[in-house]
Amino acid sequence: MSTDTVAPAAAKPLSLRRILPPIVTGQEIVLLGVLVILWVLLGIFTPAFLTPASIGPLLVQVAPIALIGVGMTFVIITAGIDVSVAAMIMVSAVTTARMLVAFDIPAIAAVLVAIVIGAALGAINGFLIAYGRVHPIIITFGTANLFQWLGLRVFDSSTVNGIPSTLEFFGRGGAGSTLGVPHSFAIAVIAVAAAWWFLRYAKAGRNLYAIGGNQNAARLAGIKVQPRLVWVYVVTGALAGLAACMVIATGTATLDQSVGSGKELQVIAAVVIGGTSILGGRGSVVGTLLGAILVQTVVSGVTQLGWPTQLGFLFVGIFILVAVGTDLIRERTRRRA
Amino acid sequence: MTAVTTPTTADQRREPSRFRDWITGGALKDRAVLLLALIVVLLVAMAILDGIGLTSGRFNSDYLASTLIAYVPLALLALAELFVITSGRGGIDLSVGSMVSLTGIVFAMLYQQVGLPLAVAVVLAVAFGALLGAVNGFLTAYLGYPALITTLATFYAYRSIALVVSEQRPISGPEISEFYSAAKAIELPVIGGGLPLVPLGVFTFLLPVAIVAWFVLNRTTYGRKLYAIGTNDTAAQWAGIDTRRTRMMAYVTAGAIAGLVGVYTVAQFASARPDAGTSGSGMALPAITIAVLGGVAITGGIGRLSGILLAALLIVWLNASILLVVPGNEGAQAQLLALGVVLLGASLLSNATIRRRQGGLAKPLSVPGTAPGAK
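Chains as they are written, first to last, in our numbering: chain A, 1 to 337; chain B, 1 to 375.
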């Protein structure tokens, strides 16, 4: 009996996934392929696209999305969601910017302030979600409103002007990159690498998948579900804080009240295009990074082709559907096999 | 003698406990009663503040009635979310705001630029909204996409199409300016005089939809099926319900309602704005918020029309009250705070009561149509 059931599995033909290193799996290969095709096509049709002058700023745009995407991937793996990240960016960015203007604090202090604020807001989300046991989307809708109010209070119904270039390390200009690689993008890649290792090899990382797969089963298996959930939202908040520094550095010396607006949907789009299941229990941060690059490529590419900018978001929508659709088909065939 | 007196003492003993049951078990868990109480508290508090003279304007029935112009789209979109969220399996519609923008543009083009009669343009706009909803419904119900993904994608797609088609410019013209009268405040023909001026949209847009929706949800087999698939998809399927078609229809309904709101916003703004439903934080998030505040369970199968209408009323009047107490920019900011606090408070509170009841293995939250309090 047992040999019968084992034999077919052993005789399985060598699939692509078994040959390639485990860092890229099905969805990521597809994404990588789509990205290569897109970049080649855009390179052909818009000669300016494949130049450092074009790719550098694109990677700078990708960085905050990919960075928060790491936290959002954790959140969605646990079958949660966080729609308050845009508001968290806003609070972090405006508070940090105001401190830069008023006290001219050094860059390290500014980054710490931003991260601590983000983490604190994330902790509010985490505690309410873990211990209030209300669906995360409801909690984060609620806290998004609270955070936005908080941010507007700090703004004091005006823009923040004359922000010093203290954070230029994260910026778009010459000081913001080394050997053509923007620092902010390098930071995002490092965060993705660390998160990849964490999800794959750390016990706490594996636990996140267990929680997303079946929270009750995870609890019965001895996983401390609630502290883990709090931690996941705190990380997302902290990353949103760091991303706020990048947003300050990328913009002009002025910060207005629309800062961060719409970022939550962009981040969620990057994560789901990257193959993370919105139902929880499955997902990868490498996919999220690729998803973030894809979204930004589409948006920038449409502009460079001279099409209406807004058309880019139509393609983003289609990409979301195609990416998730291929994942659904894979899931179905996997279940049948 | 004893045989007669025993039951009466038992009855006397049951009487106060039944009242306590109603307070702790029924009234607090019945979202409509809770919301009504909150509205009364709000009105009383504002009347007192007005009496002391702390408000910047008069807080009276005319003011309350005039704010209903914002009530119509909010209540309608929350109603759309009621259908979709109740259908279960993670049902949610993030794209309603984009559908409002897009159908508004389509309506304005048909009415202003093509020159169709008003009624035809309205019907076509609503049908177009239903078509947009059908795309959501098909992907979700038949292809198995999670609703959050589907409607996130169509949120981008529809918003983009609305902006591209209109070249990011509002559409206006003489016909549309005239159509503005559809949203203005009127005196009711028969009972007019004594009542404050109520925006016409309440009667032309909200009431008909609310009545039809109430009938569909509570008095038709479709309504029963919708609650059934939301409560337990598998069980509903085994009971012979075409779950996919039922779910699809919920999204189509949401799209049609969004189309109607699109027409309404054209009347309200006297022009078709390509970002009518998506500017700022958009219309979808407040709609979902109001639906949840109104007692719609995000897990599906639970939700009533009364909760939606009262929750939207509470939010609109709360916002209007805040503007009277905290005028200007700070007032607009305080509205965000109030919405967040009310949403978090209501959801945490209802969660606590549900959990306490589940601990006692009592019946699940009452579904409309079943007799409340029936054991």
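Honestly, the hints are just simulated from the structure, not real lab data. We put the CB at the ideal spot given by N, CA and C, even for glycine. One should not assume that every hint holds.
[Claimed, not checked] Which residues of chain A face chain B? A partial, calculated answer using Cβ under 10 Å: (1) 103; (2) 105; (3) 133; (4) 144; (5) 161; (6) 165; (7) 269; (8) 279; (9) 312; (10) 314; (11) 320.
Each hint tested on the structure:
1. Restraint check, residue 103(A) versus chain B: the minimum CB separation of about 25 Å is more than 10 Å; hint violated.
2. A hinted interface residue such as residue 105(A) counts as satisfied when its beta carbon comes closer than 10 Å to some beta carbon of chain B; here the least separation is about 26 Å, so the hint is violated.
3. Taken as an interface hint, residue 133(A) checks out: its beta carbon lies about 6 Å from the nearest beta carbon of chain B, inside 10 Å.
4. With 10 Å as the threshold, the beta carbon of residue 144(A) comes within range of chain B, its nearest partner Cβ sitting at about 7 Å, so the hint holds.
5. Restraint check, residue 161(A) versus chain B: the minimum CB separation of about 18 Å is more than 10 Å; hint violated.
6. Below 10 Å, beta-carbon pairs count as interface contacts, and residue 165(A) has none with chain B, the closest being about 29 Å; its hint is therefore violated.
7. The beta carbon of residue 269(A) comes within 6 Å of a beta carbon in chain B, closer than 10 Å, and the hint placing it at the interface holds.
8. Because the closest C-beta pair between residue 279(A) and chain B is about 6 Å apart, less than 10 Å, the hint holds.
9. Taking 10 Å as the C-beta contact cut-off toward chain B, the hint placing residue 312(A) at the interface holds, the least distance being around 7 Å.
10. Hint status for residue 314(A): holds, given a least beta-carbon distance of 4 Å to chain B, under 10 Å.
11. Taking 10 Å as the C-beta cut-off, the interface hint given for residue 320(A) holds, the closest approach to chain B being about 4 Å.
When held up to the earlier numbered hints, the structure conflicts with 1, 2, 5, 6 and fits the remainder.
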